[in-house]
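Trainee: Residue numbers (my numbering), protein chains in the order written: chain A, 10 to 495; chain B, 132 to 232; chain C, 72 to 307; chain D, 28 to 525.
If you're looking for bench data, these hints aren't it; they were derived computationally from the structure.
Since we're looking at a predicted model, the values are computed, not measured.
A couple of the hints might just be wrong.
To be verified - Every beta carbon over 10 Å from chain A, so not counted as near; a handful from chain B, in silico:
#, residue
1, L137
2, Y138
3, L140
4, L180
5, Q185
6, A192
7, H193
8, T198
9, A206
Claimed, not checked - Here are a few chain A residues that face chain C, going by a calculated C-beta distance under 10 Å:
#, residue
10, L39
11, P41
12, P235
13, I411
Glycine included, C-beta positions come from ideal geometry on N, C-alpha and C.
Letter by letter, the chains look like this.
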Amino acid sequence: MPDVLLSIADIPWGVMTIVLPLAGAMSSFLWPRRALPLGLATALAIVICVAGLGWQLVQQGAQRYAVGGWGAPLGIDLYADGLSLLMLMMTAVVGLGISIYSCGYFNLERARYFWPLWMFLWAALNALFLSADIFNLYVTLELLGLAAVALVALAGGADALTGAMRYLLVSLLGSLCYLLGVTLLYHSFGSVDIAILAERVESSPTVWAAMGLMITGLLLKTALFPLHFWLPSAHASAPAPVSALLSALVVKASFYILLRLWLELFPFASAALAQLLGLLGAAAVLWGGLQALRQTQLKMLIAYSTVAQLGYLFLAFPLASITGWTGALYVLLSHAAAKTAMFMAAGNILYFGGHDRIVDLDRVVQHLPLTITAFALAGISIMGLPPSGGFIAKWLLLEAAILSGQWWWGIVLILGGLLSAAWVFKVVGYAFTRSEVPHEARAVPAAMEWTALLMAMVAILLGLFVPWLLALMEIGLPFGGVGSAG
Amino acid sequence: MSPALLYALVGVGLFTLGLYALIVHAHLLRKILAINVMASGVFLVLVALAARTQGTPDPVAHAMVITGIVVAVSATALALALMLRVRAATGRAELAEEPLE
Amino acid sequence: MKKSNKPKPITENDSRQTQWRLLLVVPLSALAVGLGYAVLSLPSQAPGLSKHVAAKLETSGVSNPVTAVLLNFRGYDTLLELGVLLLALLGVWSLGAAPKRHEPPPGLVLELLSRLLVPLLILVAGYLLWAGAGAPGGAFQAGSVLATAGVLLLLAGWRLDSRFSGLPLRLALVAGLGVFLLVAVVLILLGGRLLEYPPSFAGALILLIEAAATLSIGTALAALFLGGRPEKGAHR
Amino acid sequence: MNWGAALPLFVLASSLLPGLVIFFLPEERVAIRSTLNLVGAALKLVLAGVMVWGIFHGSHFETRLPLLPGLDLLLRADPLSMLFVGLSSILWLVTTVYAIGYLEGSPNRSRFFGFFSLCVTATVGVALAGNLITFLLFYELLTLATYPLIVHRGTEVARRAGRTYLIYTVAGGTLLLIGTVWLYTLAGTLEFTPRGFLSTLDGASSTALVIIFVLLIAGLGVKAALIPLHGWLPQAMVAPAPVSALLHAVAVVKAGAFGIVRVIYDVYGIQFSATLGVTLPLAIVAAVTIIYGSMRALFQDDLKRRLAFSTVSQVAYIVLGITIVGPIAAVGGLVHLVHQGVMKITLFFCAGNLAETLGIHKVSEMNGVGRRMPWTMAAFTIAAFGMIGVPPLAGFISKWYLGLGALDAGQGWVIFILAGSSLLNAGYFLPILYAAWFKTPADAWPAERSFGRRETAWALLAPPLVTAFLTLAVGLLASAPFSPLQWARFITTLEYAE
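Bound-form chain A, shown alone (with noise of 0.2 Å):
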């Protein structure tokens, strides 16, 4: 038996991070009545733990951790570098946000399903960002999408129901899109390690198949334009922390997938398929900015403007520099952190008057001002003013758009930014209208007006602490070159 007592280096705390969310939702399955307070101990637990990991790889570099010692293509392997990180620390944000929110948000029996529910997606994450096994990768998407439908549905009502059997069917849909491109790989090149693909990969009709049927799936749960049919309804009608989680998190995962593969298994990708990616995402930024533009009810406005902010994620494809790929990360980034404060802004505004109509919104916000700062400051970022993240991730792409001479992606960039700005400005100008007391008011928690004000914070100092993350998301260097992007 080896020694028993482990120093603080090889403590595998990437593990920890999926094993620890299970815990707790089973934890918090069996004992419904203590389910808060072991919710946010795993929380807090698991924060320490993507922290631990990050001080490990900032330490050994980019690190592979073969479960079960077999070592693909045997076994699985987990694999974590810069990239993987920076996705770990915003879930792991995002999530300590979300769970602090959660407290004030739900009554003691949704709290009871909310919790494990909320558990089980927060390892579902952990373990996809971890994950280096294409098949393990669909197993984790499996438990990703069925916990997000689970908790969509936890707000009941017709709405939230028809969006969730939508989001389910779509969600199967892609995983088996997905599965069925793992299996001709697998079958093609006897290995589900992304490594080990990537070695043996050579480009074939196989392959082409196999890689349109696992974009296309990734796509679908990405909500691209026009896949993005299902999001809104979604992402709107589920209660607010969980539409935070959705549009911080959940789309985030599957593009996580999608740029992995894109970069490892798939560089004979023709120019063609990368300027369609990028079409469709333009399609996406200028489609969704304008649909949010039409909308009366402020959760649906926002999640139409995560659709165009998923947008920008795929202008980095045809440009296709370490710049680009930068760039497209801090969109995910701050976006993540922006959504998520404008969610809980949106469900401070429904817990206290009850309604999210656009135009009835001064009634509300004369009263909250934290969360209308907090609506204000996620603003800023998701419009790309300075200084916020928003402004980095917009000033990198711009850049690599001219550096790479496809001037007309900034174009698209600037009008995304300008129809964004445009609603941002359409609710916030309620803020300083004169209004009445509103009839049925709700004292909203401290906490959760806190918690969204936080989460604005964050994605402002994005824009502030660029070094630090870039300096983080080289570690292994996942979009190759010699980093130092910029």
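Take the given structure of chain A and dock chains B, C and D to it, following the hints.
Mentor: Just chains B, C and D now, with coordinates in the frame of chain A:
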């Protein structure tokens, strides 16, 4: 053509048939069944192609199929329960508008 | 399960529907052909992983390669997959209480059958679980057989006594994932990797995990059959 | 961290921190709020003074924080920035006093003063920005901080004004962003350097540089209210008087003009811009703006609207002064940055006083107001004469140097512009003065408030008197050391040094 490939092709056929049904049928039960048909198709491809090795068929593929089946069963159970709730809430076991249009 | 097959009112857009269905057939058949071509253009001899499995089989603690892959080589997948099952159940329960079903009291046949079959099924499940180590079989097969026993009982109108429908039931549901995770963590604390069984203990550990998994799978599937959380104080 | 690096941050913090605190102050804590404001303003003035003194004696103030790989958040004090910092910190102190008096007892004051402080922070940031991205950052921050002030009253018309303001400024900011990124991809640096960093750049096509120039100037021209980008300014006069002062004299308009100077001097370099042939078109735009603004002002009956259009015309003087390529004209333009501020803020204070005390908003209501409010109207008169360019007031100095510089640079046509605009200035100011002093008052003012023996509250009266005095002083003491004029000379010697 080896039987393995034949089964695999049948699997592909099931996949596309399921997809067709998923798109054209409005009733949720049919959609859920369609998803299951697609899943069976994928599993068939996965397990059939595993028989191309000389000697014992590839056990890894079998294990994957078992995993896949359990996942599919779980998802189907959730879907059916959800469908009942949708019907209870909206009075019809259909989605408001055809999702895939 | 009852289907709400209300016939749709015949409208002029039905013809349009049939039209675009035909339109749909074209791309889908193209897809089928494409995928078929992709399958056919696979190498005739699969690289597969059989050799790797065979090479490591004796250190895996079981002699049945599939079980070895499921519980050992790719045990991590199985762990998460037990999570999926539990999660699905959670989801179903979170939707609300099990819908009331008003079927006539079970006839004599069902009554007898259930009394007769259930012990037998449980026995079979036990056997499958045990046999899984060496021959086709294992936790999932055993679990599903166990589940059929449960479903049979439920059909016969039997309900879990409210004394057990609380924590005990939840414990049974969690057991599979719980034991699996516990083993994993203990192994880590002993300085190993996640799910890295010491070869000498592998067989025993796998059997332990499988036993717990069988229980959970059986219970979960049977509980899913109810389509909702068991409402308080409901028994026959 | 040594003083040189710390001071720019302190200058920012002196208004930022009070602002942030004020946001969370409850409405009724007037005393604390006012103290915070005044202490912050006074502190900023002192720090600015220290920096001016330091610069003059050759010490450097520079703060660098990494923002992006290869791009820093750079705060640096150079003579040009100090000209702006000095102006805004002096006028901010005065405006704060005025605002405290003006908003007494009105709702949402914590919000107002919070954004007020943010606004000045952004302005100082714009002034101290050492590279284009830092400039952009604070420029946008200024947009965001002023919007709540414009819509402060919350009325429908205020909301509309705010919307117009945003449409203009956000669009402008976008153009600026595009230009900046493009410039960065070409030059690889954005750091302001005397006589520009593009002249040495080889390989970049001059057409690209011209397009970038147009983008940048258009982005800045929005805030500088150059034709045809001036539309937001007259609308924005619905805001409370202190905000108008901020927009027209202290912060927004000035930030635009200042940015144009920066781009021409420290990005392109005056000589290089001249060789690119971008200065003359800009000079013509400025000239058109001058005449057009005055023309429009001539026909406004609403006092604040008239003043707004006068701003449109007056700020263009600065641009004109720079784009007449020549040191003397440059002095005139730069010094007008300060002079216009001092004069225009006086006028808006007075307009505010009339509105607050007597409910006067229109020129046609001002008959005989000079007898009711002699001190206010005295200040107004001095500022108005200054605007017209009567010696020895501030405006005269600017116009004198502009004229001399134009002749020196062989741009005779500018003389006619100056003469014409001076006539127009007289045309829209003298009638006001005549009406105020010599016409007989109507029997009742629109809405009169009594302040006992005084004509109006001290907090409202003192600021315009101070700024009016400054208008006089900067003119009379133009040749004294540290006078705006001398400082402007100092700057131009750097830009035109061979």
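Trainee: For which of the previously enumerated hints does the structure constitute a violation, in increasing order of number?
Mentor: 4, 6, 8, 9, 12, 13
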